[in-house]
Amino acid sequence: MFKKILSVVLCVSLILSVTLLVGCGDSGSADVYFLNFKPESANVYIELAETYQKETGVKVKVVTAAANTYEQTLKSEIAKSSAPTIFQVNGPIGYQSWKDYCLNIENSDFAKLLSDDALAIRDANGKGIYAVPYVVEGYGIIYNDAIMRKYFSLSQRAVDIDNADQINNFATLKAVVEDMTAHKDELNIDGVFASTSLLSGEDWRWQTHLLNVPLYYELRDSEDYSDPTIAGLNAKEVAFRYSENYKNIFDLYINNSITEKGLLGSKSTSDSMAEFALSRVAMVQNGNWAWSQIKDVKGNTVAENDIKFLPIYIGVDGEEEQGLCIGTENYFAINKNVSEEQQQKSLDFLYWLFTSDTGKDYVTNKLGFVTPFTSFTQAELPNDPLAREVVRYMNDRSKETVPWIFTSFPSDVFKTEVGGVLLEYAQGNKVYQDVENTVKSKWKSERK
Amino acid sequence: MKKINFSNILIFVLLLVLSFLFLIPIITVVINSFKDQFFISQTPFVLPNSNTFAGLENYIKGIADTGFIAAFFWSLFITVCSVAAIVLFTAMTAWYITRVKTRFNSILYYLFVFSMIVPFQMVMFTMSKIANVLKLDNPIGLVFIYLGFGAGLSVFIFSGFVKSIPLSLEEAAIIDGCNTLQSFIYVVFPMLKPTAITVAILNTMWIWNDYLLPYLVIGSDYKTIPIAVQYLKGGYGSVDMGAMMAMLVLSIVPVIVFYLSCQKYIIKGVTAGAVKG
Amino acid sequence: MKKGAKRWAIVFLLPTVIAFCIAFLIPFIMGLYLSFCEFRTVGDAQFVGLQNYIRAFSQDSDFINALVFTIKYAITAVISINVIAFFLALMLTRRIRGTNLFRTIFFMPNLIGGIVLGYIWQLIINGVLYNYGYSITSSATFGYWGLVILSSWQMIGYMMIIYIAGIQNISSSVLEAARVDGASSLRTLISITIPSVMPSITICLFLSITNSFKLFDQNLALTAGAPSKQTQMLALDIYNTFYGRIGYEGVGQAKAVVFFVMVAGIALLQLYFTRSKEVEH
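Residue numbers (the numbering used here), protein chains in the order written: chain C, 1 to 448; chain V, 1 to 277; chain D, 1 to 281.
The reader is advised that the hints may include incorrect statements.
What the hints assert, rightly or not - Quick list of simulated restraints, FRET-style, between CB atoms:
hint, chain 1, residue 1, chain 2, residue 2, range
1, V, V113, C, E341, 25 to 31 Å
2, V, F189, C, E446, 55 to 61 Å
3, V, S7, D, L269, 36 to 42 Å
4, D, L101, C, N437, 52 to 58 Å
5, C, A182, D, F87, 28 to 34 Å
6, D, P195, V, V113, 24 to 30 Å
7, V, V253, D, I71, 52 to 58 Å
8, V, T102, D, L269, 50 to 56 Å
9, D, F87, V, M191, 35 to 41 Å
10, D, F87, V, L56, 38 to 44 Å
11, V, M191, D, L101, 30 to 36 Å
12, V, T102, D, V48, 37 to 43 Å
13, D, I71, C, E237, 49 to 55 Å
14, C, I161, D, T41, 47 to 53 Å
Claimed, not checked - Straight-line C-alpha distance at most 30 Å; calculated BS3-like pairs for lysine-lysine:
hint, chain 1, residue 1, chain 2, residue 2
15, C, K38, V, K135
16, D, K6, C, K430
17, C, K247, C, K448
18, C, K261, D, K214
FYI, nobody ran anything at the bench for these hints, they're computed from the structure. Note that the structure is a prediction, hence the values are computed from the model and not measured. Quick reminder that beta carbons are idealized off the backbone N, C-alpha and C, glycines included.
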């Protein structure tokens with residue numbers, strides 16, 4: 001019995017593996033190797049690579065790092081003999097880590113596509129271009145206007161405004177949210193906010209995106225630097241002056257959540273987006289990239305036209321003019337250590353992606369990117385509801401955009417530590433003072 | 001006599017309950033693999049109903065997302081080839097260093113034994129780096145790596161057994177005109193068969209389930225089953241619990257088939273391996 | 001014989017020895033050396049002496065915490081695995097109907113890989129805790145017991161097999177004599193069975209201790225260290241130090257060396273115990 005099975009298994013596996021080897025034998029010899037950062041776009045990039053190979057014959061290998069493991073994956077991949085030719089850095093801090101690998105691409109056609117080359121990452125002396133942003137994104141509080149309209153049609157409500165657009169500060173937001181929680185049965189929702197996902201690796205919306213807002217207000221007032229991101233990069237310490245505001249908004253999220261606090265540590269971002277898509281909640285904090293997740297949820301009940309953005313108000317003076325948090329942490333860099341031919345082919349691929357009709361179609365319609373490139377006209381913006389909202393806020397002169405100053409956060413470890421302590425605070429194992437202390441002490445110790 | 005029977009019945013019932021407890025996790029995963037993904041994490045112990053039943057959808061999605069078919073064959077290929085290589089080559093090495101007593105050979109023997117106690121983390125970085133430089137970062141190269149990394153335990157087990165084989169048989173073969181290789185293949189190796197099965201079983205259990213070594217060496221280009229399962233968790237920006245459950249079931253099935261068909265050898269192999277290891 | 005065989009050294013030794021050098025010996029020596037270096041990749045290593053070892057313990061408390069957690073886990077897991085496995089083995093050596101089926105079931109989890117096991121138990125544990133408003137990451141206690149339950153489920157079958165072999169080796173005449181002398185079953189267990197299976201007990205104890213120390217896959221899949229690295233064990237901490245952050249490669253390697261010394265220490269202890277037992281017999 002044993003012998004028979006063993007020999008059958010041996011034969012079958014040998015035959016199959018030979019077929020596989022023949023089939024996949026050429027996978028090592030890609031001209032362009034793109035290490036993708038965005039897991040939600042993994043399949044689009046693979047499709048894109050196939051299309052590109054059909055058009056030009058150049059083979060593009062796409063590898064996608066699992067969520068929250070980009071730095072790890074890049075680190076092990078870049079040490080290999082067939083290293084990634086295109087990789088991503090997440091801003092000035094990322095550039096600092098990887099500068100030994102970033103090629104100066106100032107004179108490439110790709111870099112010249114930038115509508116404003118102040119966006120590019122330069123070296124310490126402000127020379128050269130080492131990384132180019134390729135997508136501008138915005139985040140805030142996404143809400144389902146159908147549920148909001150239902151709320152504002154209630155006869156008994158605690159606020160005197162009559163639509164969600166009029167929410168323009170934290171006090172109003174809080175009043176609305178808490179009143180909605182009180183009326184959640186009438187509104188047919190299980191909570192106002194979707195789960196504050198605090199599963200490790202899924203907590204970036206809080207330890208990075210939400211923390212961006214209070215630290216922006218602090219760094220904005222820096223005496224030495226006019227640009228808050230640069231102020232952040234140079235800040236040896238933060239006072240965390242708006243800590244109380246951070247607590248207020250975070251408490252608002254978890255106290256009016258669909259999920260009990262003890263369970264937040266098991267929730268992922270996709271859980272939150274599913275809750276929103278199934279109309280079980282009215283609001284969720286996330287960015288325009290989440291559209292693909294909302295759209296793909298089976299049994300999705302939220303209408304496209306009802307998906308809107310609200311800025312994240314935290315109760316700072318003058319926040320009535322605050323807009324969405326708009327910026328980028330997605331920069332392409334070309335590996336300095338691969339052959340010149342591979343570098344050129346990689347640049348050609350990127351140029352093709354952002355200028356050819358096929359490439360632009362992918363960028364606009366499948367990846368849903370609002371790009372900072374001159375090759376895209378106003379008509380070529382993505383047509384999903386969240387991207388439209390981001391563009392609307394960007395063009396609204398009366399709103400002041402909050403930049404993504406989190407690209408100046410000292411390290412990934414800083415963010416991970418804050419995420420960990422937020423989870424413990426949410427679960428009641430720690431008090432808020434611990435969160436505040438962690439932000440301050442880890443900023444200091446990670447900024448060396 | 002009656003009293004003993006009574007206690008045996010009690011034990012039988014106890015064992016029955018324990019077996020059920022042991023099977024619950026596997027049964028639960030199977031049940032949930034047929035449920036829609038949003039009904040899994042909160043109510044895993046509820047049977048699917050018409051509302052939550054997802055049919056084979058999870059399986060279809062999971063297989064497509066992870067490239068499970070390819071992963072299965074890579075796992076199979078790597079495991080079968082590595083085990084075959086380990087059994088053949090370490091048997092030869094073990095026989096040689098046991099029979100030919102030189103200082104070099106005894107140093108070699110102690111190095112093999114030493115390697116058994118070194119945890120993988122000690123060499124994970126340097127080994128994956130060397131594998132990359134020497135272009136061993138592909139499934140065939142990985143077989144070679146497994147031969148090297150698995151050599152310690154296997155040589156040790158084989159050596160223990162070779163010592164018990166009477167020398168006279170080999171000498172008789174040599175006198176009959178066999179050269180050393182022939183005498184090993186025709187005379188010694190057949191006698192090593194029970195040990196070879198032990199070595200094969202122990203290495204199969206290790207290699208089939210190994211995660212970190214293949215992940216570091218070939219993980220970006222080729223996925224084995226554990227890598228595919230782990231990737232499903234972190235990749236694609238979302239955890240599809242349904243697909244996850246389906247993949248867990250699919251990765252358990254080959255193991256159970258293997259186990260049920262070779263159970264006798266597995267139990268023997270584990271016993272023998274433990275006593276020697 | 002010897003002379004004849006020597007000519008074949010290349011055939012018999014070369015494949016294994018080359019593979020062994022590439023996969024183990026050279027990486028091991030390089031690893032030792034690199035633990036005294038500051039490096040990003042092998043090429044740019046710079047000797048820094050003991051600095052990495054100092055940083056491993058002083059930079060943050062992760063390593064110490066992981067060590068404490070690992071030891072705490074190992075103690076509980078080793079006891080639970082061995083006690084349950086031993087009693088299962090006792091029950092399965094009484095010629096009860098269905099013994100083979102029971103043995104098959106108890107051993108089965110052992111063949112399932114750590115990653116898959118981790119996710120299976122995550123589902124089960126979260127499913128149970130959900131009813132009380134918790135999840136496995138709510139507190140390190142849940143992760144701790146989750147790991148203990150998981151590894152018990154996995155390892156009990158394996159240890160049980162070894163105990164069964166040990167118990168079956170006890171000569172029936174001794175047991176018969178005890179029965180004739182009217183010894184109670186507890187008395188027989190303590191005076192005959194346990195002393196006779198001492199070698200099995202030693203093997204199982206050390207196997208389970210080493211396995212507990214080296215646990216990685218299960219830890220990664222079940223909790224990945226959450227909350228706040230409180231359930232992070234040594235192997236996972238080393239991996240995260242190494243690959244998780246830039247500039248810590250040397251520290252990770254130094255931690256790995258310390259880890260190796262600990263595991264080797266346990267193994268030597270085992271050798272000492274087995275040897276001393278052999279002398280007694």
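Hints the structure fails to honour: 1, 5, 7, 8, 13, 14, 16, 18
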